[in-house]
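Undergrad: Could you slot chain G onto chain L? The hints should help.
Here are the chains, one letter per residue:
Number of protein chains: 2
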Amino acid sequence: MSSIKSAAVEMATNATKAASPIHPYYPLDVEIVGYLANQWPVPTLLGVFFGGLGVIFYTTRVLVKRQNPQMPKGELLTVMWFVLCGFIHLFFEGYFAYNFKHMGGLQDLFGQLWKEYALSDSRYLTQDPFVLCMETITAVCWGPLSFVIAAMITYQHPLRYPLQAIVSLGQLYGDVLYYATSMFDHYLMGITYSRPEMYYFWGYYFLMNFFWIVIPGYLIWDSAKQTAKAFSTLQKSEAGKFAKKAQ
Amino acid sequence: MSSIKSAAVEMATNATKAASPIHPYYPLDVEIVGYLANQWPVPTLLGVFFGGLGVIFYTTRVLVKRQNPQMPKGELLTVMWFVLCGFIHLFFEGYFAYNFKHMGGLQDLFGQLWKEYALSDSRYLTQDPFVLCMETITAVCWGPLSFVIAAMITYQHPLRYPLQAIVSLGQLYGDVLYYATSMFDHYLMGITYSRPEMYYFWGYYFLMNFFWIVIPGYLIWDSAKQTAKAFSTLQKSEAGKFAKKAQ
Numbered sequence: 005m006s007s008i009k010s011a012a013v014e015m016a017t018n019a020t021k022a023a024s025p026i027h028p029y030y031p032l033d034v035e036i037v038g039y040l041a042n043q044w045p046v047p048t049l050l051g052v053f054f055g056g057l058g059v060i061f062y063t064t065r066v067l068v069k070r071q072n073p074q075m076p077k078g079e080l081l082t083v084m085w086f087v088l089c090g091f092i093h094l095f096f097e098g099y100f101a102y103n104f105k106h107m108g109g110l111q112d113l114f115g116q117l118w119k120e121y122a123l124s125d126s127r128y129l130t131q132d133p134f135v136l137c138m139e140t141i142t143a144v145c146w147g148p149l150s151f152v153i154a155a156m157i158t159y160q161h162p163l164r165y166p167l168q169a170i171v172s173l174g175q176l177y178g179d180v181l182y183y184a185t186s187m188f189d190h191y192l193m194g195i196t197y198s199r200p201e202m203y204y205f206w207g208y209y210f211l212m213n214f215f216w217i218v219i220p221g222y223l224i225w226d227s228a229k230q231t232a233k234a235f236s237t238l239q240k241s242e243a244g245k246f247a248k249k250a251q
Numbered sequence: 005m006s007s008i009k010s011a012a013v014e015m016a017t018n019a020t021k022a023a024s025p026i027h028p029y030y031p032l033d034v035e036i037v038g039y040l041a042n043q044w045p046v047p048t049l050l051g052v053f054f055g056g057l058g059v060i061f062y063t064t065r066v067l068v069k070r071q072n073p074q075m076p077k078g079e080l081l082t083v084m085w086f087v088l089c090g091f092i093h094l095f096f097e098g099y100f101a102y103n104f105k106h107m108g109g110l111q112d113l114f115g116q117l118w119k120e121y122a123l124s125d126s127r128y129l130t131q132d133p134f135v136l137c138m139e140t141i142t143a144v145c146w147g148p149l150s151f152v153i154a155a156m157i158t159y160q161h162p163l164r165y166p167l168q169a170i171v172s173l174g175q176l177y178g179d180v181l182y183y184a185t186s187m188f189d190h191y192l193m194g195i196t197y198s199r200p201e202m203y204y205f206w207g208y209y210f211l212m213n214f215f216w217i218v219i220p221g222y223l224i225w226d227s228a229k230q231t232a233k234a235f236s237t238l239q240k241s242e243a244g245k246f247a248k249k250a251q
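The listed protein sequences correspond, in order, to chains L and G. When we follow this note's numbering, the leftmost residue of the first sequence carries the number 5, and every step to the right adds one. When we follow this note's numbering, the leftmost residue of the second sequence carries the number 5, and every step to the right adds one.
Bound conformation, chain L alone (with noise of 0.2 Å):
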């Protein structure tokens, strides 16, 4: 009896193994549901990434070049921006957004990219429900509409500094309350979710996101500044056409 009984909790210790495989995320005791390791050296997902990043950068540039040729070099560069912006929220973010329940055990190029990145924050991994509604409203809304913006900017449309500061706000709150609920969890709980090494914390979860804090804030600024511009001039108009009325 006592040997069945060892192979009985030999077998059970074994199953919970299987249930919950070491992995390298952090905390380390966290469950990371079906965690299958990477199988491409980190070079080749970096360079696979920020290659494609590349090929939207100068694709854009070409095809805005074409259109609007005499367009500013900050209109130019805001739009590929948004472009950019389009591609990594609605098919990298809405990647996640879609996969989420799984995407410890995911080899794809965005499943090993985005278990690249965990290392920096687990709770892409952990269906962490503040990160899931964040993603799941910039893939579907940030996502499409700096497409839109990009088309408005490119053919001057009356409403392109509305979405502009529309969108831009969207990005840049839901980045602060990324940074914000996990460094809370940090300070507050003691709850570290990126690896100890610290280019894990700088380099992916700090500077990546950071962009998304710089751009955008200057983006509402500029929007907001054009705006005024543009409610000034019309209010001094009306005012000018009062006056020679008045006369």
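Just so you know, the hints here were simulated from the structure itself, not pulled from any lab data. Just to be clear, a hint being listed does not mean it is correct.
Since the list gives no way to pick one copy over another, a pair counts as held whenever it fits inside one copy or between any two copies.
Okay, derived cross-link-like pairs now, PhoX-like style, lysine-lysine, Cα gap no bigger than 25 Å in a straight line [stated by the list, open to error]:
| # | residue 1 | residue 2 |
| --- | --- | --- |
| 1 | K229 | K240 |
| 2 | K233 | K69 |
| 3 | K229 | K77 |
| 4 | K245 | K69 |
| 5 | K105 | K240 |
| 6 | K233 | K245 |
| 7 | K229 | K105 |
The structure displayed is predicted, hence computed values, not measured ones.
TA: Same frame as chain L, but now just chain G:
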């Protein structure tokens, strides 16, 4: 020895009971630090709260009418809305952001009001990272900016529409995430933060927050429409000037 041991066990049990007292919030086993039951009856609490909102509404209306008697009704209502938001964000939500660590034991007006509201969402008493971060940003950013917009509408400042879109989107996005995170926990994780009586869920959690979906949604649309109209008018007037010069 045995009686000493059992006395020690009893003391330890009582100490545990004292550390996590029984409370009416859901999930029933959630820990609420230093919980004390409300002392004031619910009609008094709600009466003071809605009475206060009434006073803010009425005073704003009188002051704005005195400053700008010709203000259209829609504009006046928008000013009243933003003043109301300013007070709620800065003082009521600011109170939560400041006291989030020990909300369960607070017995002043705002403390008891939050404990009454938390019957529909216990995250306000459990140091939830998302709710704290969202409420802090709401109190610190959207609170003061709501007062600024109210003043800008009154004095027809050219920055009014950009700021109206920014603050309204901040409110809308925060509220959508607020709903989404708890619905995620409810439907996917089986964790419910509201008491089972439906008037808590529909009256407090759903209805009170739904105002911040509908009204900001309308104000974003209004801001985008007015801004597009302004840019459109300017574009036409510039095209007109260009045509005149060309003649």
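Undergrad: Hint by hint, which ones does the structure fall short of?
TA: 2, 4, 5 and 7
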